[in-house]
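Enquirer: Taken in sequence, the protein lines are chains L and W. Count the first sequence with the working numbering and you get residues 45 to 581, in order. Count the second sequence with the working numbering and you get residues 6 to 240, in order.
One should not assume that every hint holds.
DSBU-like, lysine-lysine: derived pairs with alpha carbons at most 30 Å apart [what the hints assert, rightly or not]:
| hint | chain 1 | residue 1 | chain 2 | residue 2 |
| --- | --- | --- | --- | --- |
| 1 | W | 157 | W | 143 |
| 2 | L | 578 | W | 71 |
| 3 | W | 143 | L | 73 |
| 4 | W | 211 | W | 223 |
| 5 | L | 427 | W | 143 |
Don't read these hints as lab results, they were simulated from the structure.
The chain contents come next:
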Amino acid sequence: MSKLFSLLTATMSGGLKLFNYSGKTERSKRVMPFLLGTLIGVMMLQSASVMAFLFKEDNAESVILVIYALITTLIILMEGSYKSIDLLFKPKDNDMLLAMPIKKSTIVFARIIKFYVFEMVYCLIFLLPAIIAYAMVAEVGLSYYVVAITMLVLIPVIPITIACIIGLVISLISGRFRHKTFLQIALSFLAMFATVGLVFLINMSPNNGEYAMIAISNKVTEFYYPASTFVNLATNFNIWEYLIFIVVNLAIMGLTVIVISRFCFKIITRLATVKQIKNVNVNYNLKKHSQTFAMVKKEMTRYFCTPVLLMNTAMGLVFFVIAIGAILVKFDDIVNSLTTSVEEFPLTADKISSYLPSVTLAMVAFASLLTCITATLISLEGKAFNILKSLPISGKKVIMTKVLAATLLIVPVTAIGSLVMAFRFQFGFLDTLLVLIGVVLMPLVTELIGILINIKYPRFDAENDTVVVRQSASVMVATFLGLGMVLVTESLIFVTVFLAGQTAGLMMVNAVFAIITLFLYFVIASRGEEKYLKLTA
Amino acid sequence: MIRIKDVCKYYGGKKALDKVTFDVKKGEIFAFIGHNGAGKTTLIKSICGILDFEEGEILIDGKSIKEDPIACKKEMAYISDDPELYEDMKAISFINFVCDMYDVPTEMREKNITRYAEMFGMESELGNVIKSFSHGMKQKIALIAALSHEPKILIMDEPFVGLDPKAIFDMKEVMRQIVKDGGTIFFSTHILDMAEKLCDRVAIVKKGQIVKVGDMKKIRGDKSLEKVFLELEAK
Numbered sequence: 045m046s047k048l049f050s051l052l053t054a055t056m057s058g059g060l061k062l063f064n065y066s067g068k069t070e071r072s073k074r075v076m077p078f079l080l081g082t083l084i085g086v087m088m089l090q091s092a093s094v095m096a097f098l099f100k101e102d103n104a105e106s107v108i109l110v111i112y113a114l115i116t117t118l119i120i121l122m123e124g125s126y127k128s129i130d131l132l133f134k135p136k137d138n139d140m141l142l143a144m145p146i147k148k149s150t151i152v153f154a155r156i157i158k159f160y161v162f163e164m165v166y167c168l169i170f171l172l173p174a175i176i177a178y179a180m181v182a183e184v185g186l187s188y189y190v191v192a193i194t195m196l197v198l199i200p201v202i203p204i205t206i207a208c209i210i211g212l213v214i215s216l217i218s219g220r221f222r223h224k225t226f227l228q229i230a231l232s233f234l235a236m237f238a239t240v241g242l243v244f245l246i247n248m249s250p251n252n253g254e255y256a257m258i259a260i261s262n263k264v265t266e267f268y269y270p271a272s273t274f275v276n277l278a279t280n281f282n283i284w285e286y287l288i289f290i291v292v293n294l295a296i297m298g299l300t301v302i303v304i305s306r307f308c309f310k311i312i313t314r315l316a317t318v319k320q321i322k323n324v325n326v327n328y329n330l331k332k333h334s335q336t337f338a339m340v341k342k343e344m345t346r347y348f349c350t351p352v353l354l355m356n357t358a359m360g361l362v363f364f365v366i367a368i369g370a371i372l373v374k375f376d377d378i379v380n381s382l383t384t385s386v387e388e389f390p391l392t393a394d395k396i397s398s399y400l401p402s403v404t405l406a407m408v409a410f411a412s413l414l415t416c417i418t419a420t421l422i423s424l425e426g427k428a429f430n431i432l433k434s435l436p437i438s439g440k441k442v443i444m445t446k447v448l449a450a451t452l453l454i455v456p457v458t459a460i461g462s463l464v465m466a467f468r469f470q471f472g473f474l475d476t477l478l479v480l481i482g483v484v485l486m487p488l489v490t491e492l493i494g495i496l497i498n499i500k501y502p503r504f505d506a507e508n509d510t511v512v513v514r515q516s517a518s519v520m521v522a523t524f525l526g527l528g529m530v531l532v533t534e535s536l537i538f539v540t541v542f543l544a545g546q547t548a549g550l551m552m553v554n555a556v557f558a559i560i561t562l563f564l565y566f567v568i569a570s571r572g573e574e575k576y577l578k579l580t581a
Numbered sequence: 006m007i008r009i010k011d012v013c014k015y016y017g018g019k020k021a022l023d024k025v026t027f028d029v030k031k032g033e034i035f036a037f038i039g040h041n042g043a044g045k046t047t048l049i050k051s052i053c054g055i056l057d058f059e060e061g062e063i064l065i066d067g068k069s070i071k072e073d074p075i076a077c078k079k080e081m082a083y084i085s086d087d088p089e090l091y092e093d094m095k096a097i098s099f100i101n102f103v104c105d106m107y108d109v110p111t112e113m114r115e116k117n118i119t120r121y122a123e124m125f126g127m128e129s130e131l132g133n134v135i136k137s138f139s140h141g142m143k144q145k146i147a148l149i150a151a152l153s154h155e156p157k158i159l160i161m162d163e164p165f166v167g168l169d170p171k172a173i174f175d176m177k178e179v180m181r182q183i184v185k186d187g188g189t190i191f192f193s194t195h196i197l198d199m200a201e202k203l204c205d206r207v208a209i210v211k212k213g214q215i216v217k218v219g220d221m222k223k224i225r226g227d228k229s230l231e232k233v234f235l236e237l238e239a240k
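Input sequences plus hints: build the corresponding full structure.
Expert: Encoded structure:
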């Protein structure tokens, strides 16, 4: 037990550096994540409260507990499957710990606990506001608070254990092959789509006169044990049901630790083995390239060889492609449902078609502003950052090539999607051009902001890539800012197009983004580079 | 070739380098020795423009590392004590990347990569991903990359750590050749025997201060460098 405690203390101390800034100037870095976190928390609480009051009218306020528990579960499950591989099997302390007289199950347990602690952030963002909102509208007693705290702690257990098992299976399969990284990415995507697909497979259509959310909630409580228990215990507390729930969760956690411990040594060995080939007398291509080309190539290699970064940043683009596909295939159905459902604003098929350039730009904004790759690119250099700093390349060029590489990863997807929309729905030349300008400007703004955030919140000593990509202050700030930027940009597109007409509206949106791009460029050229030059790994 | 004048570096309130002053002349092998935490890596990183320093000046071939870092870096190659390279790259891609940064012509990189890869026995490994290499192999790749652009000044932090005996021998030969061709080498080491045999001059650092600097022969006199160093440490 003392070994486990020491191990937990050691592993957690490395991972919890999110806000661990010392010194007077460094401490100020805590302010922004804290403010943004609070803002998001307040917004979530507000939306949960509105929903709770709405459902109260139908005597169905417990729906918000189910819906938010489901959202928390799905998010943990979707991102957990690819995160678990790095967190469980690839930490830098593998060699050190495996050489020590500690049981493998102790090591696995400590790692799962660390994983769990970081996933708690989703409970705090989604579940906590729902718990507070429910308490505001329902008449709750002391038992509710006991149940609520227990649920806050135990809701992540099942999705985390499932994610760990998925990570285990992916690692076992990919570890057998030479192209481990490629397989890991492919299988992780498959797992993610399977999760989303499973949710869609369940028939959650509302009955006549029933709210869609109530229908979803009813269906979820039928098959998802934690959700049904949460509602039962919140509305009618039963000590036995409560205790059984705790025991079940602990048993699931224990079982997962046993299963993963059984395979962890084999997986760690397999994943650490990189097959070598002997190439004698091979003529390598040693053609000279510019610094910019070489840097962009380096960044691309890093991106495609880092599954957790690719998975984490590709989601926005994947949803963009899915949305474009849905519009192309199901356009008539979408038009039908829109023309019949929004009574206050009568829409016609022609009117909807005429606004498709704005809709396309709005989708581009969603995909681009939520795909912040650069927020990790400096931290991911790790100790190799010193090599970069010793090379005869200016700080500004390093920063801008990182921005360029990230932009180049996003633009082709959004540009092709937008062009397909433009051809299919015959956008005018000017509207197409304006959408394409937005396609370039929006990721540029996101990536310029991302790199500035990473310069302010670098982390070179992370124990693996997942810590940088999912658990760093830089990514946290970039995510919160991205969400805010999506809201503001979507509103801007809506307001400008509504007030000034489509083409003028698109022009205004692009003008705003062009000004922000220029402003950010000058910030990077002055203060950004200055701060970059002061960084050391 | 390298002029270090009154350099001070602080980590918070702690002075890591305290008015460090000495010169490294063109065409010499200069050893920089000191105990762990004495300030060796800090000074090396400051010379290479990796670490900013608060006071003093470092000139590389007459140019200030603070005022004109790019021009200074073009003259140098830096080899870290911890060869953390770009792990996902193939060795050849990494070396080519470094060559691109230094604007090395194709013919020159072909000649040098072949030469040094053969010398360090790495020619059959160039197509492999760096993360598959051992510490010593990574160090060799870092060396090949550093030497492929024919730097005038080679700055190395503990360059012999992790190298096999053959590679150490070859490394010493390369160092002598570079100096013979008019280059300059500045390196830190804990292997005092090697410093004694290889170097023209030496500086000994203790708690961020230079306690001895000068010709190797003058500094050690009749004693060994190890004895001189230990006596200075004991004071």
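Enquirer: Please write out, lowest number first, the hints stated earlier that are contradicted by the structure.
Expert: 3
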